[in-house]
Amino acid sequence: MKSDVLVVNILASIVILLGMTAYFMFKNTGESRRADDSVTIMVNERGYQPSLIQVAAGKPLKLRVIRENAEACKTSIEFPQFNAAYPFMLDIPINISFPPLARGTVDFDCQGSGKHGRIIII
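In my numbering, the protein residues as written are -15 to 106.
Take these hints with a grain of salt, some might be off.
Once the Cα atoms are required to be at most 25 angstroms apart in a straight line, the calculated DMTMM-like pairs of lysine to aspartate or glutamate come out as [stated by the list, open to error]:
(1) Lys58 to Asp75
(2) Lys43 to Asp21
(3) Lys58 to Glu29
(4) Lys46 to Glu62
(5) Lys46 to Asp91
(6) Lys46 to Asp93
(7) Lys46 to Asp75
(8) Lys46 to Glu29
(9) Lys58 to Asp93
(10) Lys43 to Asp91
(11) Lys43 to Asp93
(12) Lys46 to Asp21
(13) Lys43 to Glu62
(14) Lys58 to Asp91
I should point out that these hints are in silico values taken from the structure, not numbers from a laboratory.
Please take these sequences and the hints and turn them into a complete structure.
Okay, here's the thing in structure tokens:
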């Protein structure tokens, strides 16, 4: 009897975790892109374009970020896992380089705007 309850609890936990993961990965309506070694991200009223980027593990990554709209992401793009923020101005590209990354995810967002994106390292 106790093992049945344990199995049900484990399965329920897995379903909840999968649902939460899908929600956070796909709630932004931006596009996704698979990148070889570099990608350009446009920041506008819709958020980051693309907002979901897939890259291969163990390879360096270069991001080129361009803020297209004065109301979009007013001050910087932030990478909370790295405790890093990169300020930018309207229509002036910034270049961000990452060393080879291990499998996992790297989130990025705009300071206080609710716009966000994710890099998935596979």
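Each hint, compared with the structure:
Between Lys58 and Asp75, the direct Cα distance comes to roughly 12 angstroms. Compliance with the 25 angstroms bound is thereby established for this hinted pair. Between Lys43 and Asp21, the direct Cα distance comes to roughly 7 angstroms. Compliance with the 25 angstroms bound is thereby established for this hinted pair. Restraint check: the Cα-Cα separation between Lys58 and Glu29 comes to about 11 angstroms, which is no more than 25 angstroms; the hinted pair holds. For the given pair, Lys46 sits about 15 angstroms from Glu62 by alpha-carbon distance, which is consistent with the 25 angstroms threshold.
Between the alpha carbons of Lys46 and Asp91 the distance comes to roughly 15 angstroms, so the proposed pair stays at or under 25 angstroms and holds. Between Lys46 and Asp93 the alpha-carbon distance is near 17 angstroms, which keeps this suggested pair within the 25 angstroms criterion. Only pairs whose Cα atoms come within 25 angstroms are accepted, and Lys46 paired with Asp75 is accepted, the gap being roughly 18 angstroms. A distance of roughly 23 angstroms separates the Cα atoms of Lys46 and Glu29; the hinted pair therefore holds under the 25 angstroms criterion.
About 11 angstroms separates the Cα atoms of Lys58 and Asp93, which keeps this hinted pair within 25 angstroms; it holds. For the suggested pair Lys43 and Asp91, the alpha carbons sit about 18 angstroms apart, so the restraint of at most 25 angstroms is met. With a C-alpha separation of about 22 angstroms, the suggested pair Lys43 and Asp93 falls inside the 25 angstroms cut-off, and the hint holds. Taking the CA atoms of Lys46 and Asp21, the gap is about 6 angstroms. The hint holds against a cut of 25 angstroms.
Proximity of Lys43 to Glu62 is assessed by CA-CA distance (about 21 angstroms); at most 25 angstroms being required, the pair is judged to hold. Proximity of Lys58 to Asp91 is assessed by CA-CA distance (about 18 angstroms); at most 25 angstroms being required, the pair is judged to hold.
Hint violations for this structure: none, all hints satisfied.
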